[in-house]
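Enquirer: Sequence:
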Amino acid sequence: MSNNQSFNAGQTHGGAQASTEQFLDSAKESANKAHDKAHEAAGHSQGQAQQSKEENATFLQQTGEQVANMAQGAIDGVKNTLGMGDQKK
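Numbering (the working numbering), first residue to last: 1 to 89.
Please keep in mind that the hints were generated in silico from the structure rather than gathered at the bench.
Hints may contain errors.
Distance windows between CB atoms, simulated [to be verified]: (1) HIS35 / ILE75: 54 to 62 Å; (2) ALA42 / ASN69: 57 to 65 Å; (3) ALA49 / LYS79: 43 to 51 Å; (4) GLY47 / LYS79: 45 to 53 Å.
From a predicted model like this one, the values you see are computed outputs, not experimental measurements.
Beta carbons are placed, not taken as given, at the ideal position from N, Cα and C, and that holds for glycine.
Build the full structure now, drawing on both the sequences and the hints.
Expert: Quick look at the structure:
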């Protein structure tokens, strides 16, 4: 192999190696961006889940209070009907 052919082979190998490194760097960058977006989406979803959980707890608490008040009203109505309540007829 002549010196010229060895030089050309070395250049080709070096160029291929540089292209491979650029491809790998690009792939790593893409993977990192995808990871960051997935992490961000997971955090956003977790925040929404927590907010929904709090809203549901508030709704259930309010509903429970309404049911308790309605039950107490029914009890008072029965007591009043039977003459056992505060409002005697």
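Enquirer: Does each hint hold? Answer for all of them.
Expert: Hints, one by one, checked against the model:
no., hint, verdict
1, HIS35 / ILE75: 54 to 62 Å, "holds (59 Å)"
2, ALA42 / ASN69: 57 to 65 Å, "violated (41 Å)"
3, ALA49 / LYS79: 43 to 51 Å, "holds (45 Å)"
4, GLY47 / LYS79: 45 to 53 Å, "holds (48 Å)"
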